[in-house]
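Dock chain Y against the given chain W, drawing on the hints supplied.
Chains W and Y, in that order, give the protein sequences. For the first sequence, our numbering gives the first residue as 1, with consecutive numbering after it. For the second sequence, our numbering gives the first residue as 1001, with consecutive numbering after it.
It is possible that part of the hints are untrue.
Under 7 Å between C-beta atoms, here's a sample of chain W residues computed to sit facing chain Y [to be verified]: (1) 43; (2) 44; (3) 47.
Taking lysine-lysine pairs in the DSSO-like style, the calculated list, with each CA pair at most 27 Å apart, reads [what the hints assert, rightly or not]: (4) Y:1083 <-> Y:1009; (5) W:107 <-> W:70; (6) W:55 <-> W:78; (7) W:107 <-> W:73; (8) Y:1071 <-> W:107; (9) W:55 <-> W:107; (10) Y:1057 <-> W:107; (11) Y:1014 <-> W:107; (12) Y:1083 <-> W:107; (13) W:73 <-> W:55; (14) W:107 <-> Y:1009.
Hints listed in this document are in silico derivations from the structure and should not be mistaken for laboratory results. Backbone N, C-alpha and C fix where the C-beta goes; we use that ideal spot for every residue, glycine too.
Read off the chains here:
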Amino acid sequence: AQTVTQSQPEMSVQEAETVTLSCTYDTSESDYYLFWYKQPPSRQMILVIRQEAYKQQNATENRFSVNFQKAAKSFSLKISDSQLGDAAMYFCASIFEANAGGTSYGKLTFGQGTILTVHP
Amino acid sequence: DGGITQSPKYLFRKEGQNVTLSCEQNLNHDAMYWYRQDPGQGLRLIYYSQIVNDFQKGDIAEGYSVSREKKESFPLTVTSAQKNPTAFYLCASSIFLNQPQHFGDGTRLSIL
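The following block holds chain W by itself, in its conformation from the complex (with noise of 0.2 Å):
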C-alpha cells in the first residue's frame, strides 16, 4: 500500500522563527506528486507547494520551502519568518498512480496532519 506518513501531531514555533514539518511516504512509483496543505480553522484547504518527484531542485514559495529527499522518501516543510497567520493544520499529500476498474488514475493520498501552533 502506498501510504504518507507525518510523525508530528503537533508543532509549535514562536513568531518570525523558522519551523520544519516531516513527513515520509512510501511508494513504489518513480514519478510521482508531492503536496502540502494547509487547513485553518475555517476548514477551507489551501495548497501550500507542490513538488515534482522527477525534479531534483526543491520547491519555493516565498516563506515555504521544502526539502525533499527522493531516495530517503522523505518531504518535509520550511516555514521560515513563521507569522500568527500561519496557524493551521498542515497536511502532506501524494498523488500516485491507481488502478479502478482498469482505468489508471492519480489518487491523492493524505498524511493525518500537524496541528502548527504560532506564539506570538
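Coordinates of chain Y only, in the frame set by chain W:
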C-alpha cells in the same frame, strides 16, 4: 472569480433520510472529487470523476452516491445506508487527474 462552491455550509440529516451536498465549479476543470474528513483526521476519498457522465468509487464509497451530468457539477448524496455520516465533506477539482486539486469550503453534516 473562479472557484468551487459547496452548499449548504451546514446540513442536518434525520435518521433514514437521504441528503444531497452540492458542489459547483467554474474553473473549467475536468476532474472532480469528494472527500470526507473526520475530526483530527486527514481526508479520505469517497468518489471521483474525471469526465462528464463518468465516476469511480474511492476508498469509502459505501453509503454514498454521485452523479456527473454536467462538467460544472458533482453532487454527493449521503444515503440512509451510511450509518455514520457525521463529518466534514470537501469537494475538489483539478484540471485533469494527477494535477493539484483546488478545494471548496466544505459542508458539515450532522445527525439530528
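task = Hints the structure violates: just list their numbers, smallest first.
result = Hint 11 contradicted; others consistent.
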